[in-house]
Amino acid sequence: MKKSERQRHIQEIISNQYVERQEDLVKLLAKSGIRVTQATISRDIKDMQLLKVPSVGGGYHYSLPARRQDNKEERLANVMGNELQEMKRSDRFVSLTMRPGNGPVAAMLINQMKYPTVFTAIGDDATVLIVCHSAGAAVEFERTLQALR
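If you're matching positions, the sequence shown starts at 1 in the UniProt record's numbering and goes up one per residue.
If you are wondering where the hints come from, they were derived from the structure by calculation, not from laboratory data.
Taking CB as the label site, the calculated pair distances span:
id, residue 1, residue 2, range
1, T37, D91, 32 to 42 angstroms
2, R89, R35, 41 to 51 angstroms
3, N71, G33, 30 to 40 angstroms
4, A135, E12, 45 to 55 angstroms
5, N111, G58, 31 to 41 angstroms
6, Q11, S55, 10 to 20 angstroms
7, T40, I122, 13 to 23 angstroms
8, Q146, K27, 33 to 43 angstroms
Straight-line C-alpha distance at most 27 angstroms; calculated DSS-like pairs for lysine-lysine:
id, residue 1, residue 2
9, K31, K46
10, K46, K2
11, K72, K2
12, K72, K46
13, K27, K46
Note that this is a predicted model, so its numbers are computed, not measured. All residues carry an ideal CB built from backbone N, CA and C; glycine is no exception.
With the hints as extra help, turn the sequences into a complete structure.
Structure follows, in structure tokens:
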């Protein structure tokens with residue numbers, strides 16, 4: 001099965017029911033006859049820029065972005081405005097604490113923007129570590145992110 005077809009199935013599943021874990025998505029796809037690994041689902045989630053949002057009864061579930069934005073800076077502003085919980089800076093590092101599930105999307109967008117002050121951004125489920133070229137660059141980049149909020 002092609003990646004685009006699989007992602008259409010994922011989009012349909014996410015649109016119609018709460019999916020809290022990647023393993024749940026693997027099982028739901030298997031019920032539809034689509035066999036994938038958790039690693040494949042992880043890549044699809046990153047590629048589709050799925051977010052984890054709070055569920056009504058507690059916990060979090062995957063959600064599609066509100067709308068697909070072509071402008072990367074606009075998408076980053078959306079993530080920063082809605083999903084950022086805390087921002088800290090130390091020396092040449094900027095650390096972002098995000099709502100669960102949003103770290104990979106934020107890191108990917110920061111890397112895609114190719115900010116001249118940023119060496120790289122690394123994200124896990126709820127944290128992004130941004131390595132800047134210098135302490136001064138970190139101060140400048142922190143201001144850039146604050147302006148996006």
